[in-house]
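As a plain string of letters, each chain reads:
Number of protein chains: 2
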Amino acid sequence: MAKNLGVTVLLDFYGEMLTEKQRSFLDYYYNDDLSLSEIAENEGITRQGVRDAIKRAEAQLFDMENKLGLVARFEEQKKGLDEIVDCANLIYEQNMRFGLSREINEASVRIRAIVSTLVEA
Amino acid sequence: MAKNLGVTVLLDFYGEMLTEKQRSFLDYYYNDDLSLSEIAENEGITRQGVRDAIKRAEAQLFDMENKLGLVARFEEQKKGLDEIVDCANLIYEQNMRFGLSREINEASVRIRAIVSTLVEA
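Residue numbers (the working numbering), protein chains in the order written: chain A, 290 to 410; chain B, 290 to 410.
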């Protein structure tokens, strides 16, 4: 079974929508890098059972992304916010060199601060 | 049955996760403002059936917001982006009045343009 690395990201976004069992299977498999057999042994079920559960949970994650597009939207936003930071940096530097307006300085610093809080949220 | 106006917003965000039938019932009830009896008549089911279906769909929407918090996150972001626009406006005006840097002017305009695309997305 090929590991799909996108699953880790999807799990971050949609994990709460899965059952606790589904979440922990995906977590063991993708984040802790346990094998299907290791998970099966720990959980006292068959390897095939683990495999089916993981496949089903993955399908649910991909289905949610198809419907809600949270990851795609987040990446789009991240790009826009990065670009805003570039603009704020340019304003800051230009102002430091030529303008020396305290207001412009503070506003450009503030923009970068807001972007950090938005990216972390 | 009291109408919960938050449902319209939740429907915008999570509607795709409901069945087509659930979506149209909520749509009739909240957006088209049809009564339960009117929907029941149009759909050829009982008023109680419509009511139960709507209650269930609403519960699913609230459950998804509890788990994923998309609406709360969106509103938080909207606040941050509004504040970024305020900063960009201040930079633009200060620069127009005192600095007259073409680079600062362009960068502040660009920030506002990026924010518009992010708010629309």
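Just so you know, these hints were derived from the structure itself, not from any lab.
Any given hint might turn out to be false.
The list treats identical chains as interchangeable, and a pair is accepted whether it falls inside one copy or across any two copies.
Said to hold, decoys possible - Cross-link-like lysine-lysine pairs, in silico, BS3-like; alpha carbons within 30 Å at most:
id	residue 1	residue 2
1	Lys310	Lys368
2	Lys344	Lys292
3	Lys310	Lys344
Predicted, not measured: the structure shown is a model, and the values here were computed from it.
Earlier hints that do not hold, by number: Number 1 - this is the single hint that the structure violates.
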